[in-house]
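Chemist: Chains as they are written, first to last, in my numbering: chain A, 42 to 270; chain B, 55 to 720; chain C, 206 to 457.
Because the hints were derived from the structure by calculation, they are not lab data.
Backbone N, C-alpha and C define an ideal beta-carbon position, used for all residues, glycine too.
Take these hints with a grain of salt, some might be off.
[To be verified] Heads up, incomplete: computed chain C residues facing chain B, CB under 7 Å, no partners named: (1) Gly209; (2) Ile271; (3) Ala363.
[Said to hold, decoys possible] Label-pair distances were calculated between CB atoms; the ranges are: (4) Ser421/B / Lys456/C: 29 to 37 Å; (5) Ala140/A / Ala352/C: 25 to 33 Å; (6) Glu240/A / Leu436/B: 24 to 32 Å; (7) Leu702/B / Ser358/C: 34 to 42 Å; (8) Lys456/C / Asp191/B: 32 to 40 Å; (9) Gln568/B / Asp302/C: 39 to 47 Å; (10) Ala140/A / Ser552/B: 40 to 48 Å; (11) Thr174/A / Lys456/C: 17 to 25 Å; (12) Ser358/C / Leu436/B: 19 to 27 Å; (13) Ser421/B / Asp349/C: 30 to 38 Å.
[To be verified] Once the Cα atoms are required to be at most 35 Å apart in a straight line, the calculated DSBU-like pairs of lysine-lysine come out as: (14) Lys414/C / Lys456/C; (15) Lys414/C / Lys590/B; (16) Lys239/A / Lys434/B; (17) Lys590/B / Lys456/C; (18) Lys232/C / Lys132/A.
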Amino acid sequence: MAKGIFKSSLTKKYTMALTGLFLISFLVVHAAINAMIFFNDGGKTFNEWGHFMGTNLIVRTMEIGLFAGLILHIVDGLVLYFQNRAARPVKYAYEKPSASSQWYSRSMAILGTLILLFLVIHLKDFWLKTRITELTGNKHMYINGVWMENLYSEMRLVFSELWVVILYVVGCFSLFWHLLHGFRSAFQSMGWSQGQYKEIIGLSGDAFSVVISALFASMPIAMYLNLVH
Amino acid sequence: MELINKIPDGPLDQKWTKYKNTARLVNPANKRSIEVIVVGTGLAGSSAAASLAEMGYKVKALCFQDSPRRAHSIAAQGGINAAKNYMNDGDSTYRLFYDTIKGGDYRAREANVHRLAEVSANIIDQCVAQGVPFARDYGGLLDNRSFGGTQVSRTFYAKGQTGQQLLLGAYSAMSRQIGKGNIQLLNRHEMLDLVVVNGKARGIIARNLVTGAIERHSAHAVVLCTGGYGNVFFLSTNAMGSNVTAAWRAHKRGALMANPCFTQIHPTCIPVSGDHQSKLTLMSESLRNDGRIWVPKFKEDAEAIRAKRLKPTELTEDRRDYYLERRYPAFGNLVPRDVASRAAKERCDAGFGVNATGEAVYLDFASAFERYGKQQATVKGLHNATQEEIIALGKKVVEEKYGNLFQMYEQIVAENPYETPMMIYPAVHYTMGGLWVDYELMTTIPGCYAAGEANFSDHGANRLGASALMQGLADGYFVLPYTIGNYLADEIRTGKISTDTPEFEEAENRIKKQIEALTQNNGTTPVDHFHKKLGKIMWDYCGMARNEEGLKFAISEIQKIREDFYKNVRIPGAINGMNPELEKALRVADFLELGELMCKDALERNESCGGHFREEYQTEEGEAQRVDDVYNFVAAWEYSGNPSTPNLHKEALVYENIKVQSRSYK
Amino acid sequence: MENGMNLTLKVWRQQNAEAPGQMVEYKLGNVSPDMSFLEMMDVLNDELIRRGEDSIAFDHDCREGICGMCSMFINGEAHGPNRGVTTCQLHMRSFKDGDTIFIEPWRSAGFPVIKDLMVDRSAFDRIQQAGGFISVNTSGRTMDANAIPVPKSDADKAFDAATCIGCGACVASCPNGSAMLFVGAKVSQFALLPQGQPERKERVENMVKQMDAEGFGNCSNIGACEVQCPKSISIENIGRMNREYLAANLKP
């Protein structure tokens, strides 16, 4: 392997793509487990999975990787942002970027920042409470004889406030646009979006962005409207 | 001055081999201390620069464009000829040689042309090895098509961008040598004078177009690959920057200019649309493979079409005159360029032109759509295809072959050529004349070479289609690398050439003075005004048809324009920086002298041959009439110090292998 | 010509690389719809010279869309509003009477302005010099051109990549100022042909390295380049380069 690769613009691309795909895979797991609330069993299934995720050694180890990936994605993104700005020291007096590209493709940095802000709040609402401080609602429940943290009740508590729900929906919206570009972009960066695969990847990316974001957004809304029990 | 062409003795097909076997060589250690300047980076220039650098010479390459890749060879569309006989249609080296001599109306040197035909096949091998993506058939092998003036398919192509692909190939070879430090690239540099020391070319004076600095560059040999001078007509298919300056300045330093009146008017160009027109766009000759040329048979139809009362597609077959097929049944639409151009002019002059100005004929693809469509339907097993389906299939095939040309046409004319026939008219395209060179491509100044379109040697009085690319690359890749060594073998003891000599001093001062005079002149008129005026005179009196009276008139007019130019031209901007108007003025100053020489040459040649058509010398059917017993020579003009009184030297053309006949494509 | 269009032109004027520049407004009347955009600029320059002002410097040469020299950013788009054409192929019929047209040079750290609308694109040449070639000397003794058949689809794809005219519209229109479409096209042409195989690894490594050294931005797959490319070069070529570079670096 050539030494130059670590400094190369293409390596930044691969880093962005691979960490992005890794984060996408996390989103799948996250969304799938959270969707357990829709079983309408008082959070039993959801809490069981939450307990598994919180106690399993492999999952806990991967969590470190997840944070590393996230940080790498953010740092790489910032580096790209500033390098790209420097690549055009004098701006155009008149630009018409909408003629040839999508606004969200050009706004990945701002969308990413919005997601990051959301993420801080989101982590404070849930992750911080389960890992470092403690839950605020009905803290625990017995399921099949095991004493588990009651994340379900925490969710109900958090999503009882309208402004929080709105904040979460806005966060999901940012995620949607970020994914709409990010998904297919990751495949393009790796050089996998070629020939007959190009269209399939593009359509899958569109579908994925819609499904994942809608699924996440539906949770606070459903809880706020008491649609889950 | 006696013109010695240095053609080797022996049978025609062994001359080049014999030459190569006996030419002197320069050993690798000596090559490293020998410098060569190559001016121009088109096919000839970039291939020469790359090859010479690969051999070990220290090369400096100049181009006025921002990158060598932009030289106007890039715009060549249709293809490159080579005697490969991949099609098994009877082609051979001899046949390519014969077609070229005949196509040139028996005014080219046998030995040069045979050498060209010999190396043609190597060019294709070389280009493919460089990664040039020529068109291929489904078996993965190279495809060919036909061009004018031949009855075989020997033209290799890359859609309508053959010149681009070949130039990028040569440019990549050159880039490799630049990367290795064997070539020093001087882009945005224009050569303004040749420096001759003790009778030998020893360097050049160039202007750095970005800084305006006048620079001295010395070398043991100078190779001019600066293209043709078609822009003397202002409107031509040449690039805006194409110019004669390097060649003309060499001419003024003692290089003879040969056959300057031999210009090629290309039959298929997009007609002029208005006074604002800055250049003309070629529609490749390859289109004549599939397009049929016609005008209305009856004047009332032509008038109705001009008044836009009638559409060409509404005209039935019996009211159309496919005049090339009618006059030249053997070659039909694929007659050579000079013949096709004159035939178009003849019809338009007679009142059958089809656009508002009356100077356009149709190039129609309707029958090609049908022919290819039927073929495709058969291939696809569609036995009951409707006429519309067939036409649609046919259009796809045509699009595959010429898509970019059709798109280009639509951009300019705002008409869809898939729906209505193209309108075309002849335009200035190429100049067969150029610096006189011997068999070694050396001009009459020792150490100064000319290659590609800049020299005169291979195309006689008319060039066949797809032969310019062939000649440019042949000269650069396969001829110069051998012949230049024969001269440089004597230069191994010369050592580094100083630029600090009176000759460089004098040349530099002369240029500086010229620039000062032009810029400090209190004129009021932009350069283009004079250029357009010159162009109009040239087109009207020294274009597709010439006569004694017109040429004499043109000569006096050009002298007047020249005088007016120096009095009234205005060049804004600074001299010590980028100044496009100054660049233009320096070029137009030379065109204003060359134009007169072209008219003189045309006046001197009392015959019609190839692109040179003197109205006084034609057959009853209006075909060109040569006068072989008097004019079977190359007219080489020597600069006398006054552009109006050049001295004529003649090199007799000797035909030992081909019987000189009157050219017939009937 | 009577009844031509009246236009307001806002043009970037800058004396040289060091001087500051600014947008300057010009009025131009009687513009024929049949003129090319550059012919309109010729007419403006003619007026400027007759008025005793300095003409506007802009790059142009072939004026038939193939040399890649013309390079104007017109109304916020590289080579203007039409697709698949260069500035010289753009005709005034694409505009209407009374229009205001902004005309600016390519903007990129890799393309410093020389004067007015002219920029220095020699960075592209240096990228080519780093590896945009197949190392074969002139000899006339290479193997026969038909010795290696090339599947038509590969030859066609290589050709499509090779039609790049090196104008720099991709860089100019990329919000990141990236040159990857240009580099991707050249890498692809050779990667697709059998002749390009021996140097495949070194070529992509060296060209990417030079590209990065020239100050161009990074590609984030926005896709403006392929839309604005006058030769409609596909960003699949960037994808191919990405793959080539990765493969080159994973191979020992």
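Chemist: For every hint, state whether the structure bears it out.
Modeler: Comparing the hints with the structure gives:
1. Because the smallest distance between the Cβ of glycine 209/C and any Cβ of chain B comes to about 10 Å, over 7 Å, the interface hint for this residue is violated.
2. With its C-beta approaching chain B no nearer than about 5 Å, isoleucine 271/C sits inside the 7 Å limit, and its interface hint holds.
3. This hint holds: alanine 363/C has a C-beta 4 Å from the nearest C-beta of chain B, less than the 7 Å allowed.
4. Checking the proposed 29 to 37 Å range against serine 421/B and lysine 456/C shows it is violated: the Cβ atoms sit about 54 Å from each other.
5. For alanine 140/A and alanine 352/C, the Cβ-Cβ distance of about 47 Å falls outside the hinted range of 25 to 33 Å, so the restraint is violated.
6. For glutamate 240/A paired with leucine 436/B, a C-beta distance near 28 Å keeps the hint of 24 to 32 Å intact.
7. Taking the beta carbon of each, leucine 702/B and serine 358/C are about 57 Å apart, not inside 34 to 42 Å as hinted.
8. Against the hinted window of 32 to 40 Å, the Cβ-Cβ separation of lysine 456/C and aspartate 191/B comes to about 34 Å, which satisfies the hint.
9. Take glutamine 568/B and aspartate 302/C: their Cβ atoms lie about 44 Å apart, and the range 39 to 47 Å holds.
10. Separated by about 57 Å at the C-beta atoms, alanine 140/A and serine 552/B break the suggested range of 40 to 48 Å.
11. For threonine 174/A and lysine 456/C, the Cβ-Cβ distance of about 50 Å falls outside the hinted range of 17 to 25 Å, so the restraint is violated.
12. Our hint of 19 to 27 Å for serine 358/C and leucine 436/B holds, since their Cβ atoms are close to 23 Å apart.
13. At about 36 Å, the CB distance of serine 421/B to aspartate 349/C agrees with the hint of 30 to 38 Å.
14. With a C-alpha separation of about 17 Å, the suggested pairing of lysine 414/C with lysine 456/C holds against the 35 Å cut-off.
15. The hinted pair formed by lysine 414/C and lysine 590/B fails the criterion: a straight-line CA distance of about 51 Å is larger than 35 Å.
16. Distance hint between lysine 239/A and lysine 434/B is fulfilled; the C-alpha atoms sit about 28 Å from each other, no more than 35 Å.
17. Distance hint between lysine 590/B and lysine 456/C is unfulfilled; the C-alpha atoms sit about 63 Å from each other, more than 35 Å.
18. Restraint check for lysine 232/C and lysine 132/A: the C-alpha separation of about 24 Å stays at or below 35 Å, so the hint holds.
Comparing the model with each numbered hint stated earlier shows that hints 1, 4, 5, 7, 10, 11, 15 and 17 do not hold.
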